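What follows is the residue order along each chain.
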Amino acid sequence: MTLDIVRIRKDFPILERQVHDGTPLIYLDSANTSQKPRQVLDALADFYERHNANIHRATHQLGEEATQAYEGARARLAAFIGAAGPAEVVFTKNISEAINLVAYAMGNASATGQSGRFALGPGDEIVISEMEHHSNIVPWQLLCQRTGATLRWFGVTADGRLDTSGIDGLITERTKLVAVAHQSNVLGTINPVRALADRAHAAGALLLVDAAQSVPHMPVDVAALGADFLGFTGHKMCGPTGIGVLWGRRELLEEMPPFLGGGEMIEDVRMERSTFAPPPHKFEAGTMPIAQAVGLAAAADYLGETGRDAIAEHEHGLIAHALEALAGIDGLRILGPAEPVDRGAAISFTVDEVHPHDVSQVLDSRGVAVRAGHHCAWPLHRAMGVQASTRASFYLYNTHEEVDALAAGIVEAQRFFGAGGR
Amino acid sequence: MRLESLYQEIILDHYRRPHHAGLREPFDAEVRHVNPVCGDEVTLRVTLKDSDGGPVVADVSYDALGCSISQASASVLSDLVIGRPASEGMKLNDEFLALMQSQGEGAPDEDVLGDAVAFAGVSKYPARIKCALLAWMAWKDATAQAMGEREPA
Numbered sequence: 144m145t146l147d148i149v150r151i152r153k154d155f156p157i158l159e160r161q162v163h164d165g166t167p168l169i170y171l172d173s174a175n176t177s178q179k180p181r182q183v184l185d186a187l188a189d190f191y192e193r194h195n196a197n198i199h200r201a202t203h204q205l206g207e208e209a210t211q212a213y214e215g216a217r218a219r220l221a222a223f224i225g226a227a228g229p230a231e232v233v234f235t236k237n238i239s240e241a242i243n244l245v246a247y248a249m250g251n252a253s254a255t256g257q258s259g260r261f262a263l264g265p266g267d268e269i270v271i272s273e274m275e276h277h278s279n280i281v282p283w284q285l286l287c288q289r290t291g292a293t294l295r296w297f298g299v300t301a302d303g304r305l306d307t308s309g310i311d312g313l314i315t316e317r318t319k320l321v322a323v324a325h326q327s328n329v330l331g332t333i334n335p336v337r338a339l340a341d342r343a344h345a346a347g348a349l350l351l352v353d354a355a356q357s358v359p360h361m362p363v364d365v366a367a368l369g370a371d372f373l374g375f376t377g378h379k380m381c382g383p384t385g386i387g388v389l390w391g392r393r394e395l396l397e398e399m400p401p402f403l404g405g406g407e408m409i410e411d412v413r414m415e416r417s418t419f420a421p422p423p424h425k426f427e428a429g430t431m432p433i434a435q436a437v438g439l440a441a442a443a444d445y446l447g448e449t450g451r452d453a454i455a456e457h458e459h460g461l462i463a464h465a466l467e468a469l470a471g472i473d474g475l476r477i478l479g480p481a482e483p484v485d486r487g488a489a490i491s492f493t494v495d496e497v498h499p500h501d502v503s504q505v506l507d508s509r510g511v512a513v514r515a516g517h518h519c520a521w522p523l524h525r526a527m528g529v530q531a532s533t534r535a536s537f538y539l540y541n542t543h544e545e546v547d548a549l550a551a552g553i554v555e556a557q558r559f560f561g562a563g564g565r
Numbered sequence: 050m051r052l053e054s055l056y057q058e059i060i061l062d063h064y065r066r067p068h069h070a071g072l073r074e075p076f077d078a079e080v081r082h083v084n085p086v087c088g089d090e091v092t093l094r095v096t097l098k099d100s101d102g103g104p105v106v107a108d109v110s111y112d113a114l115g116c117s118i119s120q121a122s123a124s125v126l127s128d129l130v131i132g133r134p135a136s137e138g139m140k141l142n143d144e145f146l147a148l149m150q151s152q153g154e155g156a157p158d159e160d161v162l163g164d165a166v167a168f169a170g171v172s173k174y175p176a177r178i179k180c181a182l183l184a185w186m187a188w189k190d191a192t193a194q195a196m197g198e199r200e201p202a
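Residue numbers (the numbering used here), protein chains in the order written: chain C, 144 to 565; chain P, 50 to 202.
Pulled out of the complex, with its shape left as it was, chain P reads as follows (with noise of 0.2 Å):
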């Protein structure tokens, strides 16, 4: 087994220097993940604006403990998500999950999820999968939260 076809140097650019890290007030809604298996966890923060198309994330703060994969998904995440419509984040979620369940078979788009191609070959290895998807879970829930308040009663 080659190690460098799980652990991409910009995985590991990611992991040593993350992007967006460290918890951000205000925020609109905070959630907490754990990865039951080893007990990493996410505290993430989202804050989303108003704008003609609907919200958008206006920051996305995080306080990652976990393995080099975790922690790099949750910068790939914020560097992808932040300045973006609300709604365009849900579609990356999305395609980003279909990458972690294609079993080393998905052929990711860069164009469209930029440094989480990297992730690409995460999808090959089961135990690992959810690391990558720790912190996509937690902006899902926190964003979906965040929208929800912001509902008109």
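Okay, chain C solo, but in the shape it has when bound (with noise of 0.2 Å):
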């Protein structure tokens, strides 16, 4: 199945847009967020035009239907990814909450020596690598701060492949946790979670998937990948902003202790002491982002009919042709994998003698949106040797005109800055 891509186009209203009074945009960004098809928007509109009002304790017909259309959204989800049921998906505001949810309750266990499995202390070894994003990092770093636990961490090798050769010494009978991304969000490499999993579980350690930049771009089962806990965000995937989730299992999600304390997470409350929810909503305090719940499940609902494999392989075509295209130009150097295997649809490169904000503003001049800077990834970027790198992202709406137009912005970034001698 292909993609028609000219009728994709026409579902994203804000890619008719232009600007700089008058250049069409070129919109290669949505690995920092996607734009929103016409489905999602007016699953928005209709759920506030027609049904809003808060779940699970109004008692009036409205409630009713927006604590349908919410749970409804959740057991949609579930489908989308493969959970065994709606139970095991907990709505976030985003994928950065949801790696801090396991990461506080975490705590939360280990600071009431409560709950063995995810109690941690001094002798405890959380696993994490180096290509991952700050909200794969920073979580972990305050957890072992807070627990005397020590984070340990895989390398990348120098053509942005996961560095596994040390992984006996790092996944040990110490490991509590190992925690790493489906796809890294700046090489474009997609990890081998499935051995990642087998090792962890042989060691009687849980695994945590940073899935934001894996469940827009293709088929993800929670089952198929052996993970403990997969996180997800909305708006990357077509999806409202204030939205995402975290899967796990549900043994799991019933053993671990509550994150955010509130309305609607408990069970039963005295002045003295609690009981909670079962999950998943035991993890769900306060009013959640409802509207955006449903638009979420609408995007998924969109991907899912659009189909997860041809849009995969729509992106497997874009990076090819992205890879061959920037590989020809002097000067530049991608980084990640140069091969399009076991790779997504993104692309980070530096251009000698030309600075990635300069590129990148060279490139929106051009009507090219893309990003420039470290990608929440400062510690990837210093392995691989760079202080910056541009990134183009590609998504289904992209076109392969699009990719030549972003490798005709470049050579013309060296142009005007007269680097190489041109």
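None of these hints come from the bench; they were simulated from the model. As the structure is a computational prediction, the values presented were derived from the model and not from experiment. Yeah, the Cβ is synthetic: ideal placement off N, Cα and C, and Gly gets one too.
Selected chain C positions facing chain P (in silico; Cβ < 10 Å):
| id | residue |
| --- | --- |
| 1 | Pro499 |
| 2 | His524 |
| 3 | Gln530 |
| 4 | Ala531 |
| 5 | Phe559 |
With beta-carbon atoms standing in for the labels, derived distance ranges:
| id | chain 1 | residue 1 | chain 2 | residue 2 | range |
| --- | --- | --- | --- | --- | --- |
| 6 | P | Ser151 | C | Gly291 | 46 to 52 Å |
| 7 | C | Arg317 | P | Leu52 | 50 to 56 Å |
| 8 | C | Thr430 | P | Arg65 | 51 to 57 Å |
| 9 | C | Glu410 | P | Ser151 | 52 to 58 Å |
| 10 | C | Glu410 | P | Gln150 | 48 to 54 Å |
| 11 | C | Ser308 | P | Leu52 | 43 to 49 Å |
| 12 | C | Leu285 | P | Arg199 | 37 to 43 Å |
| 13 | P | Ser54 | C | Ala453 | 39 to 45 Å |
| 14 | C | Glu448 | P | Leu114 | 45 to 51 Å |
| 15 | P | Leu52 | C | Thr430 | 44 to 50 Å |
In silico contact screen, one side only, chain P against chain C (beta carbon under 7 Å); selected entries:
| id | residue |
| --- | --- |
| 16 | Leu52 |
| 17 | Val86 |
| 18 | Cys87 |
| 19 | Gly88 |
| 20 | Cys116 |
| 21 | Ser117 |
Put the two chains together into one complex, using the hints given.
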């Protein structure tokens, strides 16, 4: 199945925009945040216009409709990622909050001495990797500081793959949790999550997967991955901002202590102490982003109906094209795998003698929107020996002509700044 | 968008041939400032000398890693403040900061700001203002430290 790009682009009203007084927009920043199709915008408007009420507590028709829409969204997202049931899907603000939820719940377990497999102390270890986004680094640093546990990490090979050569010394009986990205937001590298899950489980550790860059772009099945926790964020997958998902295996969510306390997450509250609702509600304190959850489910439906295999295939074609086009530019270095194998559709690069900010500024002047900087992955940039990079990231609505426009814009940046004697 | 409105020729000249670049001895204070958005960094040293009218900036030396705007800004800054009383440099710093916050509406005085007027266009690009300010903030910090050390106990 191939994508009908003309039809798909019509679903995204913003793609018709012009920038800088008449330049057509070429949006290559979807790994940062994706654009939203009409179907998602309509779902948000429909909820607010027809069904808006608080959930689980309003005893009137709108309240029932809103609850049904919200819990229906949960069920659709559970099916979208192959969860065993809706109770395994916890709504969060975004993936940062999803990861922090697990980290703080583990901190709470450590502080109270309860929940053995979540409690950490000196001698225990958490293993991450050097290619993680800051949101899969900093929460674990903070957790280790609070508990006295030790943070360890996989390095990255020169060509931008996870360096698993030291895995025997890294994942050991001391490891409590392994947390890795499914797909790097900078390199595009797709990591061998299944193999890591097997190693983690063999050592008695849990595996958390940062799937922010994979769930939007390819079929993801939590059972097939062998994960224990998996998080993703709505706004990178055609959904609204302010909504994300933490998926966790049912028995783990039941055992894990809560993170945020408040309304709706309780079973019984007395002045001395409280007991908590079963998952997922145990982890959803306060009024949740209800319309956003409905919008996210509409996004999942949209991606599902479009066909996630077809989306992945389309993006594979785009990244293969981009790798070839950019490799042909003198003085350009691609960070990450040079071949489109186990590689998603984000491509970061440096250009000799032209700073990433300047590259992106020239691209922006031609309507091409990319990201410049360290992309919230500073340790990875240090490991690759660069200070910053420019990143182009593709999605289902991008075309091969837009890849060519990217390459032409980079050459223009070299000319403008006189790089390489141009 | 016309790129030249942001990247004026003066900026590109300073970027290609930065003035006073490199780290020199002796110095009274050294700071390292980082732009957390992009990882750009500058290490900057200030040397003061005494005069009747208060301390004068004897030298500014720096090592800047960053984009054309941030590198050119360090070059222009050092041109402007070297040889001036530190207090005048602080006033220039305030003028430049006000220009960067002007959202493209500033009308800078070339007699006061010299080559720094070329950065007026940067104020229309919020993402780039920090690039232009990085060296200035570092200079202000280093100069304040150097002056603090000269205060009589």
